[in-house]
Amino acid sequence: MTTYKEVIGTAVTNIAGNSPTTVNGDIWYNSSDTTFNFNTIVTAAWATGGNYPTGTQELAGAGTQTAALAFGGENPGEDQTDKTFEYNGSAWTAGGDLSTARRLLSGCGTQTAGLAFGGVVGGSRQDSTEEYGGTSWTAGGAMGDGRENMAAAGIQTAALAIAGDSGPKKQTEEYNGSSWTSGGNLGTARYFLAGAGTQTSALAFGGQPPTNGLNNTEEYNGSSWTTGGNLGTARTQLAGCGLQTAAVAFGGTQGSGSNATELYNGTSWTASAAMGTARRLLAGAGIQGGAIAIAGDTQGTGVTTATEEFAAGAVTAIIATT
Amino acid sequence: MTKTNQYCVAENWGKGFIEHSESRKIAFSGLPGNIWQVPAHNKDANLWINKVLGTVKTRDEAQTIVDVEVTAAQTAWDALSDEEKSRNPRPADIILEE
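Residue numbers (the numbering used here), protein chains in the order written: chain A, 1 to 322; chain B, 1 to 98.
No lab work stands behind these hints, which were simulated from the structure alone.
Every residue gets a Cβ at the ideal spot worked out from N, C-alpha and C, and that includes glycine.
Warning: the hint list may mix true and false statements.
To be verified - Label pairs and their computed distance ranges (CB to CB): (1) A:Thr316 - B:Lys43: 24 to 30 Å; (2) B:Lys15 - A:Thr226: 39 to 45 Å; (3) B:Lys43 - A:Gly222: 49 to 55 Å; (4) A:Thr316 - B:Asn50: 44 to 50 Å.
To be verified - Covered stretches of chain A, going by a simulated chain B footprint (3 or more residues, C-beta under 8 Å): (5) 39-45; (6) 48-58; (7) 77-84; (8) 112-123; (9) 292-305.
As the list claims (entries may be wrong) - Facing chain B, a subset of chain A residues (Cβ under 7 Å, in silico): (10) Asn88; (11) Ser90; (12) Asn215; (13) Thr253.
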């Protein structure tokens with residue numbers, strides 16, 4: 001029988017486990033489980049999803065790429081809207097209306113257990129919270145103070161409200177499903193930032209001031225914030241989702257709507273595939289491997305209905321058993 | 001000068017307008033006025049323009065469409081209150097590359 005070495009001119013590397021490299025086409029023999037392995041690398045990419053029913057900016061999102069929730073915001077017909085829409089991976093349908101129409105609000109949780117808090121009605125900053133049960137919103141506990149442009153992390157019964165605007169804030173608040181209590185202060189006061197993770201393992205990144213955007217990242221452990229790796233592209237009015245050790249940042253602005261996407265691994269950010277539609281003041285939801293970008297403002301043509309779905313890159317080992 | 005990019009006008013209809021498989025082969029950039037920038041002299045980009053029934057524009061034609069939209073956005077920003085201006089960066093000019 002012809003050997004691999006005779007054909008290719010080199011022997012297959014023998015490794016006890018997975019290959020330490022991520023090179024497309026790498027072949028190795030895993031002596032631990034006696035399998036031949038072949039790396040196939042798929043690059044990260046965005047694709048268009050079903051368009052949001054109405055061009056909207058300053059809205060909030062929750063859930064996953066195939067079961068997302070978006071609510072509130074501002075559109076050409078309403079200074080602030082109470083509309084909620086549910087996404088099934090291909091199309092948006094109407095959900096229950098918020099009790100309080102608002103924009104620049106924050107949200108987290110899932111499609112069937114979402115949370116909305118803060119925001120603005122007219123010129124008045126809101127401290128109210130609403131909980132979504134899959135069909136309708138009900139009142140939750142009020143925040144300690146009214147604010148807008150916060151970041152959010154967590155779930156309906158364990159949420160985190162991060163910084164925001166009533167002047168740039170450092171304060172965070174933690175929600176337990178019925179009431180908010182104070183959490184640790186950020187190192188850098190800011191608003192129009194993005195967040196990811198859980199109440200006890202959160203991430204905050206980007207934002208302003210200045211109006212052309214911050215690049216710094218901070219990590220939360222449930223009681224205090226520490227400095228993380230800087231974004232490669234400083235920006236404000238961006239979106240984010242995922243976990244503290246596997247987050248994704250996308251969109252935002254430095255004057256022009258941004259299509260930049262970056263991935264966080266718990267230490268540093270790396271650039272990834274760009275979105276098709278650059279935008280700011282969008283909503284985001286999902287995980288690093290399956291994020292969704294919802295509507296926003298293009299800073300050129302106004303609000304957009306564009307939805308985009310992110311698929312992270314992957315290294316797939318094709319296994320042939322000996 | 002060798003052309004790097006080509007432009008078309010196409011309306012994003014949503015799901016299926018850009019597939020992950022296309023996005024892995026082509027660098028897409030959506031611009032104001034439903035302008036899409038994709039690589040020039042690229043078979044996959046040409047196929048995508050055909051798929052979305054895009055109307056091909058020269059760089060100058062696309063620039064004119066983008067400029068109209070950006071100027072309108074800048075005019076709207078200029079009319080904002082000082083407080084709103086302090087919270088939102090002024091829309092920047094977008095210069096398309098050949």
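### Message
Let me make sure I understand: some of the numbered hints might not hold for this structure. Which ones are they, in numerical order?
### Response
Per hint list: 4, 7, 8, 10 and 12 violated.
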